[in-house]
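Given chain A's structure and the hints, the job is docking chain B onto it.
In order, the protein sequence lines correspond to chains A and B. Count the first sequence with full-length UniProt numbering and you get residues 1 to 119, in order. Count the second sequence with full-length UniProt numbering and you get residues 1 to 517, in order.
No lab work stands behind these hints: they were computed from the structure. Source: prediction; values computed, not measured. Incorrect hints may have been included.
Claimed, not checked - Calculated Cβ distances over 10 Å to all of chain B for the following chain A residues:
#1 E10
#2 H21
#3 C37
#4 P45
#5 G51
#6 K56
#7 A69
#8 K75
#9 W85
#10 F89
#11 K91
#12 G97
#13 K101
#14 F106
#15 P109
#16 A118
As the list claims (entries may be wrong) - Pairs of lysine-lysine residues, derived as DSS-like cross-links and limited to a Cα-Cα distance of at most 30 Å, are as follows:
#17 B:K430 <-> A:K91
#18 B:K430 <-> A:K56
#19 A:K7 <-> B:K427
#20 B:K288 <-> B:K515
#21 A:K56 <-> B:K395
#22 B:K45 <-> B:K13
#23 A:K80 <-> B:K321
#24 B:K321 <-> B:K247
#25 A:K56 <-> B:K387
#26 B:K439 <-> A:K7
#27 B:K51 <-> B:K439
#28 A:K99 <-> B:K439
#29 B:K439 <-> B:K45
#30 B:K395 <-> A:K91
#31 B:K388 <-> B:K504
#32 B:K430 <-> A:K75
#33 B:K448 <-> A:K7
#34 B:K247 <-> A:K56
#35 B:K373 <-> A:K75
#36 B:K427 <-> B:K156
#37 A:K91 <-> A:K80
As the list claims (entries may be wrong) - Short, incomplete list of chain A residues facing chain B, as computed with Cβ under 8 Å:
#38 A5
#39 A14
#40 N19
Beta carbons: idealized from backbone N, C-alpha and C, even for Gly.
Now for the letters of each chain:
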Amino acid sequence: MGVAAIKEYEFEAADRLENFHGNQLLYIGWDQHLMFCAPFCLPMPPNMRFGDIIEKVLPGVFGYHPDFAKIDWSKVEWLKSSQPWQADFNKTLAELGLKHKDVLRFRTPGLTGIKGSAS
Amino acid sequence: MDMKVSKKKLGLKEKYQHMTRGLGWETTYQSMDDVFPFVKYEGIKIHDWEKWEDPFRLTMDAYWKYQAEKERKLYAIIDAYAQNNGHLSVTDARYINAVKLFLNGISPLEYMAHRGFAMTGRQFPGVGPRVACLMQSLDEIRHAQTQIHSISNYNKYYNGFHEYRHMLERVWYLSVPRSFFDDAVTAGPFEFMVAIGFSFEYVLTNLLFVPFVSGAAYNGDMGTMTFGFSAQSDEARHMTLGLEVIKFILEQDPDNLPIVQQWIDKWTWRGYRVLTLVGMMMDYMLPKRIMSWKEAWEVYFEENGGALFKDLARYGIRPPKWLDQIEQDKDHISHQAWATFYNYAAACNFHTWIPTDDELDWLSQKYPNSFDKYYRPRLEHWREEAKKGNRFYNKTLPMLCQTCQIPMIFTEPGDPTQICYREVDYKDNKYHFCSDGCKEIFEHEPEKYIQAWLPVHQIYQGNCFNEGVDPTAEGFDPLAAVLDYYHLNFGRDNLDFEGSEDQKNFDEWRGMATKNV
Numbered sequence: 001m002g003v004a005a006i007k008e009y010e011f012e013a014a015d016r017l018e019n020f021h022g023n024q025l026l027y028i029g030w031d032q033h034l035m036f037c038a039p040f041c042l043p044m045p046p047n048m049r050f051g052d053i054i055e056k057v058l059p060g061v062f063g064y065h066p067d068f069a070k071i072d073w074s075k076v077e078w079l080k081s082s083q084p085w086q087a088d089f090n091k092t093l094a095e096l097g098l099k100h101k102d103v104l105r106f107r108t109p110g111l112t113g114i115k116g117s118a119s
Numbered sequence: 001m002d003m004k005v006s007k008k009k010l011g012l013k014e015k016y017q018h019m020t021r022g023l024g025w026e027t028t029y030q031s032m033d034d035v036f037p038f039v040k041y042e043g044i045k046i047h048d049w050e051k052w053e054d055p056f057r058l059t060m061d062a063y064w065k066y067q068a069e070k071e072r073k074l075y076a077i078i079d080a081y082a083q084n085n086g087h088l089s090v091t092d093a094r095y096i097n098a099v100k101l102f103l104n105g106i107s108p109l110e111y112m113a114h115r116g117f118a119m120t121g122r123q124f125p126g127v128g129p130r131v132a133c134l135m136q137s138l139d140e141i142r143h144a145q146t147q148i149h150s151i152s153n154y155n156k157y158y159n160g161f162h163e164y165r166h167m168l169e170r171v172w173y174l175s176v177p178r179s180f181f182d183d184a185v186t187a188g189p190f191e192f193m194v195a196i197g198f199s200f201e202y203v204l205t206n207l208l209f210v211p212f213v214s215g216a217a218y219n220g221d222m223g224t225m226t227f228g229f230s231a232q233s234d235e236a237r238h239m240t241l242g243l244e245v246i247k248f249i250l251e252q253d254p255d256n257l258p259i260v261q262q263w264i265d266k267w268t269w270r271g272y273r274v275l276t277l278v279g280m281m282m283d284y285m286l287p288k289r290i291m292s293w294k295e296a297w298e299v300y301f302e303e304n305g306g307a308l309f310k311d312l313a314r315y316g317i318r319p320p321k322w323l324d325q326i327e328q329d330k331d332h333i334s335h336q337a338w339a340t341f342y343n344y345a346a347a348c349n350f351h352t353w354i355p356t357d358d359e360l361d362w363l364s365q366k367y368p369n370s371f372d373k374y375y376r377p378r379l380e381h382w383r384e385e386a387k388k389g390n391r392f393y394n395k396t397l398p399m400l401c402q403t404c405q406i407p408m409i410f411t412e413p414g415d416p417t418q419i420c421y422r423e424v425d426y427k428d429n430k431y432h433f434c435s436d437g438c439k440e441i442f443e444h445e446p447e448k449y450i451q452a453w454l455p456v457h458q459i460y461q462g463n464c465f466n467e468g469v470d471p472t473a474e475g476f477d478p479l480a481a482v483l484d485y486y487h488l489n490f491g492r493d494n495l496d497f498e499g500s501e502d503q504k505n506f507d508e509w510r511g512m513a514t515k516n517v
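The shape of chain A in the complex, shown without the other chains:
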């Protein structure tokens, strides 16, 4: 359903891909670590290697948390749109099929936030 309107009512999406100067948006959240109040929104080029995001971008994003340094990335579980997803650090976002405004979550078994509070 569209919208109740007095005449034709159709618009382009304000956040369509071509508005981001060659980047696409990737959302990324760390489950059970709600000290970061919300998942993050990152503008990334589609030819970026996924491993580079983990190794070069995420430390600046999540590094404040004492659990971050303890993450064993080989054991991390990934979800895309809340469904299990297979990460590959050597592939690019495009090769992994990640599209504009896709959302990833990662889970770090054994790490449960500040004093186990999921913070």
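Coordinates of chain B only, in the frame set by chain A:
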């Protein structure tokens, strides 16, 4: 020669009849449909506008006389408050941040309400509701002005008040109240009346005004408190109008029921989301607390609202959707919101802080099911880090909900450890939501919400830098550029309360007033 006058004055009822209803007419040069072009497209059917009952029967002469008297008293008190340095008698300078939140987040909505009621009144063919909308429109602009006047006194002494108009259309968190009202004024006249007249003014307004006005009273802020009392008598009229609107629409045609019910569901949820800011203010920003957000919700929504919806059941109206989720959320949303402003304190025009030990204990006591388990460890960790000079400032932009525009901070109903993620594919794009409520509102009118001006996405599109700024230049600092665009002064308006200019000045000025220095 004596003239025999049968009656000197019209009675109130006759006067109302002549001065309001008696002034309308059926147009003949142009069709009524052309003169009132917005009145049918929403699908609401009205058969007899004369059935509108105006509960107040106020005419303009009485309106001016009454309001002028009220306003004279209000300004006398505001002047006295200003001349006596009343700002130094508030509990402590942290309180002033609650006033900043009000001026920046709420007062512009009063002005938008003024515009909304003026536009809506213009669209109704019935004279009764047209006059009621006119008066509410005037009330709302008076409220905007009296709030600005009351609060301008604080702008002389404290940071963060100086550019509320400019900031409303730019600063990330202000897109939440702003988009709420923009959504309402861009709807049709009937939806606007249900959204603002009923859902906001009738169902939720007590949760907005009582906390701020009582909060002001409890914390020694006579100026804001007096404004609040002055507005109260108008609010009573607005609430009556809101209820009359619902009854009138529902009595006119049975086909109106499902449309109105959908609006009540939507606008109760939209309003509830905006009230997250009030919850946070009550639980964290008032040095002297009134009651907890949870208690306020129970009194003003669950008890009062419950009775209201029982009363409306005879029209076929059921309570708004998603109340079961709201019931679970009341233990959480104020803490989640304060954590958000603590995260993004560098990009905000008011200060945040970690509550004192006494205040943490108060929160533990008020929220026995949630605070110690989920939120206290986080706050204590932040406090420890701040002591070490490592205060947490989140520098990465958050993911926002497409509908309410709040960062995705809310948790799954029943699981406070898990962020709630919802998404929809529409045309060629993906859209994300904080809740089933926001998702369903989007799905009902996707074409409206795909246009949303989401602050985070706008920054990444390069639309939130001043003209001439080159984001590709070497050493470009995006945060500094965005704050410039906001007109937010780094180190004065933002960051932690501890060490702020507000804190220093208040202590020094109050010291001068109470000690021999």
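A quick look at each hint next to the structure:
For E10 (chain A), the requirement that its beta carbon stay farther than 10 Å from each beta carbon of chain B is not met, with the minimum near 6 Å. With a least beta-carbon separation of about 7 Å from chain B, H21 (chain A) fails to lie farther than 10 Å from that chain, contradicting its non-interface assignment. With 10 Å as the threshold on Cβ separation, the claim that C37 (chain A) sits away from chain B is violated: the shortest Cβ distance comes to roughly 4 Å. No Cβ of chain B approaches the Cβ of P45 (chain A) within 10 Å, the least distance being about 13 Å, so the stated non-interface status holds.
For G51 (chain A), the shortest C-beta to C-beta distance to chain B comes to about 19 Å, beyond the 10 Å cut-off, and the non-interface label holds. No Cβ of chain B approaches the Cβ of K56 (chain A) within 10 Å, the least distance being about 13 Å, so the stated non-interface status holds. Look at A69 (chain A): its CB is around 15 Å from the nearest CB on chain B, clear of 10 Å, so calling it non-interface holds up. With a least beta-carbon separation of about 19 Å from chain B, K75 (chain A) lies farther than 10 Å from that chain, consistent with its non-interface assignment.
At roughly 13 Å, the least C-beta separation between W85 (chain A) and chain B is larger than 10 Å, which holds for a residue marked as non-interface. Chain B leaves F89 (chain A) outside its interface by the beta-carbon criterion, the shortest separation being 20 Å against a cut-off of 10 Å. Every C-beta of chain B lies more than 10 Å from that of K91 (chain A), the closest at about 20 Å, which supports listing it as non-interface. Under the 10 Å C-beta cut-off, the non-interface status given to G97 (chain A) relative to chain B holds; the minimum distance is some 13 Å.
Separation of K101 (chain A) from chain B is inadequate, the least Cβ-Cβ distance of about 4 Å not exceeding the 10 Å criterion. The beta carbon of F106 (chain A) sits about 12 Å from the closest Cβ of chain B, which is more than 10 Å, so the claim that it is off the interface holds. The beta carbon of P109 (chain A) sits about 14 Å from the closest Cβ of chain B, which is more than 10 Å, so the claim that it is off the interface holds. Listed as outside the interface, A118 (chain A) is inconsistent with that label: its C-beta sits roughly 4 Å from the nearest C-beta of chain B, within the 10 Å cut-off.
Of the pairs offered as hints, the one joining K430 (chain B) and K91 (chain A) holds, with about 23 Å between alpha carbons and a cut-off of 30 Å not exceeded. Proposed proximity of K430 (chain B) and K56 (chain A) is supported: the alpha carbons are some 26 Å apart, at most 30 Å. Between the alpha carbons of K7 (chain A) and K427 (chain B) the distance comes to roughly 20 Å, so the proposed pair stays at or under 30 Å and holds. Between K288 (chain B) and K515 (chain B) the CA atoms are separated by roughly 23 Å; this keeps the pair inside 30 Å, and the hint holds.
Simply put, K56 (chain A) and K395 (chain B) have alpha-carbon atoms about 15 Å apart, close enough for the 30 Å limit, and the pair holds. Of the pairs offered as hints, the one joining K45 (chain B) and K13 (chain B) holds, with about 28 Å between alpha carbons and a cut-off of 30 Å not exceeded. Our distance criterion of 30 Å between C-alpha atoms is met by K80 (chain A) and K321 (chain B), whose separation comes to about 29 Å. For a cut-off of 30 Å, the pair hint linking K321 (chain B) to K247 (chain B) stands: about 20 Å separates their Cα positions.
Pair hint K56 (chain A) plus K387 (chain B) holds up; C-alpha atoms about 28 Å apart against a cutoff of 30 Å. Simply put, K439 (chain B) and K7 (chain A) have alpha-carbon atoms about 25 Å apart, close enough for the 30 Å limit, and the pair holds. Simply put, K51 (chain B) and K439 (chain B) have alpha-carbon atoms about 37 Å apart, too far for the 30 Å limit, and the pair is violated. Taking the CA atoms of K99 (chain A) and K439 (chain B), the gap is near 20 Å; set against the 30 Å cutoff, the hint holds.
For the given pair, K439 (chain B) sits about 28 Å from K45 (chain B) by alpha-carbon distance, which is consistent with the 30 Å threshold. Restraint check for K395 (chain B) and K91 (chain A): satisfied, since their Cα atoms lie roughly 27 Å apart, inside the 30 Å limit. Between K388 (chain B) and K504 (chain B), the direct Cα distance comes to roughly 21 Å. Compliance with the 30 Å bound is thereby established for this hinted pair. Using a Cα cut-off of 30 Å, the hinted pair K430 (chain B) and K75 (chain A) holds, with the two alpha carbons roughly 29 Å apart.
This hinted pair checks out: K448 (chain B) and K7 (chain A) have alpha carbons roughly 13 Å apart, not beyond 30 Å. For the given pair, K247 (chain B) sits about 60 Å from K56 (chain A) by alpha-carbon distance, which is inconsistent with the 30 Å threshold. With a C-alpha separation of about 27 Å, the suggested pair K373 (chain B) and K75 (chain A) falls inside the 30 Å cut-off, and the hint holds. Distance restraint check for K427 (chain B) and K156 (chain B): the Cα-Cα separation of roughly 50 Å exceeds the 30 Å cut-off, and the hinted pair is therefore not satisfied.
Pair hint K91 (chain A) plus K80 (chain A) holds up; C-alpha atoms about 16 Å apart against a cutoff of 30 Å. The beta carbon of A5 (chain A) comes within 7 Å of a beta carbon in chain B, closer than 8 Å, and the hint placing it at the interface holds. The beta carbon of A14 (chain A) is positioned within 8 Å of a beta carbon in chain B (closest approach about 5 Å), and the interface hint is therefore held. Given the 8 Å rule on beta carbons, the hint for N19 (chain A) holds: about 5 Å separates it from the nearest Cβ of chain B.
Violated hints for the displayed structure, listed by number in ascending order: 1, 2, 3, 13, 16, 27, 34, 36.
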